[in-house]
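Student: Protein chains in written order, with the working numbering: chain A, 1 to 408; chain B, 1 to 408.
Mixed in with the good hints there might be a few duds.
[To be verified] SDA-like cross-link-like pairs, simulated, lysine to any residue; straight-line CA separation at most 25 Å:
(1) B:K371 <-> A:P357
(2) B:K31 <-> A:L358
(3) A:K131 <-> B:K112
(4) A:K371 <-> A:E42
(5) A:K243 <-> A:K371
(6) B:K131 <-> A:K243
(7) B:K31 <-> B:A111
(8) B:K131 <-> A:G355
(9) B:K112 <-> B:K131
If you're looking for bench data, these hints aren't it; they were derived computationally from the structure.
2 protein chains.
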Amino acid sequence: MAEPVSPLAVAFPAMPAIAGVTLRIARAGYKEWSRCDLTYAELAEGTAVAGVFTRNVCCSSEVELGREAVCHGRARALVVNAGNSNAFTGYRGREAVDAIMAQVSGHLGCAKNEVFVSSTGVIGVPLPRGKAQAGVDAALAAEPCTWEDAARTIGTTDTFTKGATVQAVVDGKTVTLCAIIKGSGMIAPDMATMLGYIFTDAVIEPGFLQDMLSAANARTFSCITVDSDTSTSDTVLAFATGKAGNAPLASFDSVGADAFAAALNDVCLQLAHLVVRDGEGAQKFIAVTVTGAASDDSARAVGLSIANSPLVKTAIAGEDANWGRVVMAVGKAGEPADRDLLSIGFGGTWAARDGQPLPDYDEAPVSAHLKGREVSIEVDLGMGSGRATVWTCDLTHGYIAINADYRS
Amino acid sequence: MAEPVSPLAVAFPAMPAIAGVTLRIARAGYKEWSRCDLTYAELAEGTAVAGVFTRNVCCSSEVELGREAVCHGRARALVVNAGNSNAFTGYRGREAVDAIMAQVSGHLGCAKNEVFVSSTGVIGVPLPRGKAQAGVDAALAAEPCTWEDAARTIGTTDTFTKGATVQAVVDGKTVTLCAIIKGSGMIAPDMATMLGYIFTDAVIEPGFLQDMLSAANARTFSCITVDSDTSTSDTVLAFATGKAGNAPLASFDSVGADAFAAALNDVCLQLAHLVVRDGEGAQKFIAVTVTGAASDDSARAVGLSIANSPLVKTAIAGEDANWGRVVMAVGKAGEPADRDLLSIGFGGTWAARDGQPLPDYDEAPVSAHLKGREVSIEVDLGMGSGRATVWTCDLTHGYIAINADYRS
Numbered sequence: 001m002a003e004p005v006s007p008l009a010v011a012f013p014a015m016p017a018i019a020g021v022t023l024r025i026a027r028a029g030y031k032e033w034s035r036c037d038l039t040y041a042e043l044a045e046g047t048a049v050a051g052v053f054t055r056n057v058c059c060s061s062e063v064e065l066g067r068e069a070v071c072h073g074r075a076r077a078l079v080v081n082a083g084n085s086n087a088f089t090g091y092r093g094r095e096a097v098d099a100i101m102a103q104v105s106g107h108l109g110c111a112k113n114e115v116f117v118s119s120t121g122v123i124g125v126p127l128p129r130g131k132a133q134a135g136v137d138a139a140l141a142a143e144p145c146t147w148e149d150a151a152r153t154i155g156t157t158d159t160f161t162k163g164a165t166v167q168a169v170v171d172g173k174t175v176t177l178c179a180i181i182k183g184s185g186m187i188a189p190d191m192a193t194m195l196g197y198i199f200t201d202a203v204i205e206p207g208f209l210q211d212m213l214s215a216a217n218a219r220t221f222s223c224i225t226v227d228s229d230t231s232t233s234d235t236v237l238a239f240a241t242g243k244a245g246n247a248p249l250a251s252f253d254s255v256g257a258d259a260f261a262a263a264l265n266d267v268c269l270q271l272a273h274l275v276v277r278d279g280e281g282a283q284k285f286i287a288v289t290v291t292g293a294a295s296d297d298s299a300r301a302v303g304l305s306i307a308n309s310p311l312v313k314t315a316i317a318g319e320d321a322n323w324g325r326v327v328m329a330v331g332k333a334g335e336p337a338d339r340d341l342l343s344i345g346f347g348g349t350w351a352a353r354d355g356q357p358l359p360d361y362d363e364a365p366v367s368a369h370l371k372g373r374e375v376s377i378e379v380d381l382g383m384g385s386g387r388a389t390v391w392t393c394d395l396t397h398g399y400i401a402i403n404a405d406y407r408s
Numbered sequence: 001m002a003e004p005v006s007p008l009a010v011a012f013p014a015m016p017a018i019a020g021v022t023l024r025i026a027r028a029g030y031k032e033w034s035r036c037d038l039t040y041a042e043l044a045e046g047t048a049v050a051g052v053f054t055r056n057v058c059c060s061s062e063v064e065l066g067r068e069a070v071c072h073g074r075a076r077a078l079v080v081n082a083g084n085s086n087a088f089t090g091y092r093g094r095e096a097v098d099a100i101m102a103q104v105s106g107h108l109g110c111a112k113n114e115v116f117v118s119s120t121g122v123i124g125v126p127l128p129r130g131k132a133q134a135g136v137d138a139a140l141a142a143e144p145c146t147w148e149d150a151a152r153t154i155g156t157t158d159t160f161t162k163g164a165t166v167q168a169v170v171d172g173k174t175v176t177l178c179a180i181i182k183g184s185g186m187i188a189p190d191m192a193t194m195l196g197y198i199f200t201d202a203v204i205e206p207g208f209l210q211d212m213l214s215a216a217n218a219r220t221f222s223c224i225t226v227d228s229d230t231s232t233s234d235t236v237l238a239f240a241t242g243k244a245g246n247a248p249l250a251s252f253d254s255v256g257a258d259a260f261a262a263a264l265n266d267v268c269l270q271l272a273h274l275v276v277r278d279g280e281g282a283q284k285f286i287a288v289t290v291t292g293a294a295s296d297d298s299a300r301a302v303g304l305s306i307a308n309s310p311l312v313k314t315a316i317a318g319e320d321a322n323w324g325r326v327v328m329a330v331g332k333a334g335e336p337a338d339r340d341l342l343s344i345g346f347g348g349t350w351a352a353r354d355g356q357p358l359p360d361y362d363e364a365p366v367s368a369h370l371k372g373r374e375v376s377i378e379v380d381l382g383m384g385s386g387r388a389t390v391w392t393c394d395l396t397h398g399y400i401a402i403n404a405d406y407r408s
């Protein structure tokens with residue numbers, strides 16, 4: 001947390017305990033620092049697990065092993081290492097993860113594939129197995145800690161600590177979701193990682209938890225971008241301890257499934273927005289809404305083309321209503337679009353409609369909108385009923401300073 | 001040319017005249033400036049033409065009309081407007097282009113589709129028809145000018161004037177290619193445009209000229225990127241006046257066709273590199289060579305993923321041998337790759353081989369290489385025989401300053 005706090009930061013919320021989840025932190029000493037850098041979450045027996053992972057084909061061993069383990073659907077523990085991503089470290093990296101899984105499963109008397117490990121930080125340096133195992137021992141002996149302690153400990157270059165909580169009523173029972181996330185701060189020579197963990201006391205079948213998490217992911221984490229670079233370690237895991245006593249959620253036909261899915265989507269959206277709000281160098285939070293597309297997927301692709309465009313992002317940084325750059329980004333997306341049906345607005349004011357600048361376009365309200373911290377861009381393709389919203393931040397000197405003005 | 005000259009600039013070369021090409025410039029006054037901003041090239045009767053155009057679906061009327069006209073294969077004139085791209089201007093923009101084509105074809109007594117028009121500059125403002133037509137009249141009455149005059153006049157935010165020339169021997173005749181280009185400087189609120197024009201005295205059938213230009217484009221203009229944003233106006237046209245007297249080039253079986261194709265590729269590569277050397281904020285010229293890919297196309301896709309990665313580009317700006325970011329960019333490309341076969345080097349020195357950092361990696365020669373103006377990144381995927389080289393520049397504070405620190 002060396003960087004100045006993002007101007008878009010949000011205070012850490014009050015988060016209740018989740019029955020069946022115990023958090024502990026320790027210092028493994030992955031870097032020369034005095035902070036805690038190892039987070040341990042112990043989960044009640046029978047906890048269901050689901051996960052979504054980076055699609056980067058050069059992913060870390062943690063991601064590979066997690067993707068395999070999540071298929072079994074059960075979890076007893078989570079270990080998160082901060083300061084070393086263990087990516088691109090070959091068999092030595094994999095052995096370190098395997099050793100942590102064996103150590104924790106031995107302690108708990110559970111299967112190895114019920115132990116989930118994530119790592120974030122510098123890449124190309126094998127996770128030091130000795131430090132990791134001593135760190136796990138220290139965590140196992142530590143007093144339980146708060147959500148905020150855990151959220152701080154999984155962070156690396158984050159400028160603020162990120163958490164979200166939501167409740168829902170399922171089958172007459174109030175169930176709680178608490179979640180923490182780190183990212184998407186990056187600082188040379190480290191690499192982007194977004195690690196998110198959602199804990200709930202609801203009773204849910206693992207397969208259905210996976211279905212709901214995948215659906216929420218498609219509308220939240222998959223709709224944010226800071227700089228178009230995809231981490232080798234991105235991971236979001238959801239754990240359901242089953243302590244709330246509701247009738248098990250097994251499909252969307254289950255009582256309360258819709259309410260839980262909505263709560264899960266809500267908490268994922270909060271986490272995703274927190275990551276964008278800590279985007280490197282971010283000064284403005286940008287929502288890009290695309291309507292009138294051939295399909296929802298097409299709308300999302302157009303939205304991401306806009307949100308990833310350095311020319312659009314620098315224009316917003318400069319508080320410049322440069323809708324021409326939005327036209328360019330729509331056109332390069334490779335999705336169905338017709339220049340002469342295209343409409344573009346900022347903050348609810350149309351600047352161009354049906355392929356032409358509006359003759360009576362009043363830039364004053366747009367300029368006022370762009371001076372704020374929260375900016376919206378509206379694009380109507382005028383073709384179909386597909387729609388999507390994606391979120392990003394602006395591209396500023398701060399991004400260059402963080403990523404270029406530092407030498408490894 | 002208000003920005004400081006790029007540190008990667010190359011002096012304008014001595015370029016000979018091309019028989020059948022006469023250049024003239026004039027001031028249409030598209031902006032409040034005293035410079036010439038309209039370029040007119042008159043071409044001998046029977047000149048063959050070929051073209052490649054932006055794939056941005058929100059392209060300008062100039063691109064649409066040029067794409068149609070190039071199918072007829074013949075050209076008598078080229079008009080280039082600087083200061084107004086005429087993009088996203090609806091029917092009014094199209095009428096202005098049509099008016100220029102009618103005016104010039106009336107003057108020359110040729111078909112309208114033998115007149116090619118390009119425009120570059122601010123978008124969303126219809127090209128003022130009166131100014132354009134008065135500008136064309138002034139150009140028609142002007143004295144012939146030099147290649148350097150024409151190259152300067154097509155430029156907008158370019159920091160140096162760009163040209164290239166090559167000769168080849170075809171059928172016992174020496175043929176000459178002279179070419180000019182503008183781009184890829186961008187300055188808010190204008191939009192990127194790359195406009196390139198190649199003139200030769202060789203005798204070439206239009207269809208074969210198109211084949212050769214498309215092939216050269218795939219290995220040159222399509223292998224460069226400054227910031228991943230695709231212009232609505234990108235255009236490269238090749239004109240062959242046929243004054244060299246060689247036996248017509250009609251296919252690769254024609255005598256001298258290989259020599260001409262090589263010369264055309266060479267001149268396209270020179271032009272493409274000049275554009276990268278004037279990339280906004282560029283301090284370093286970067287060549288990314290990918291070998292061992294599943295195919296040449298796959299190698300190019302991986303190369304562009306690296307060349308477009310803001311984290312890789314900022315690392316090079318910071319002279320940081322951050323090969324982890326290259327791993328990330330390989331992995332996110334979506335092309336066949338195996339983390340454990342991947343090797344990465346800088347300036348000919350391997351930093352990582354077969355998926356792991358080299359234990360005896362000596363960073364000293366890499367650090368020395370990265371301090372230079374010309375940087376190379378080598379990636380071997382270890383899978384197949386596909387290879388490609390792409391070129392880009394680094395991402396610096398200069399890019400942000402040009403695109404965000406300016407208000408429209």
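Student: Within a Cα-Cα threshold of 25 Å, do B:K31 and A:L358 meet the stated pairing?
Tutor: Roughly 21 Å separates the two Cα atoms, so the pair holds.
Student: Between B:K31 and B:A111, is the straight-line Cα distance small enough, at 25 Å or below?
Tutor: Measuring from Cα to Cα gives roughly 30 Å; hence the hint is violated.
Student: Between B:K131 and A:G355, does the CA-CA distance stay at or below 25 Å?
Tutor: holds (23 Å)
Student: Given the hint that B:K112 pairs with B:K131, test it: the Cα-Cα distance must not exceed 25 Å.
Tutor: holds (20 Å)
Student: Below or equal to 25 Å on CA atoms is what counts here, so check A:K243 against A:K371.
Tutor: violated (47 Å)
Student: Hinted pair, alpha-carbon criterion (25 Å max): A:K371, A:E42. Please report holds or violated.
Tutor: violated (45 Å)
Student: Does the alpha-carbon distance linking A:K131 and B:K112 stay inside the 25 Å limit?
Tutor: violated (76 Å)
Student: What's the verdict on B:K131 and A:K243, does the C-alpha distance respect the 25 Å limit or exceed it?
Tutor: violated (76 Å)
Student: For the pair we were handed, B:K371 and A:P357, check the Cα-Cα distance against 25 Å.
Tutor: The given pair, whose Cα atoms are some 46 Å apart, is violated under the 25 Å limit.
This entry does not satisfy hints 1, 3, 4, 5, 6, 7, going by the numbered hints stated previously.
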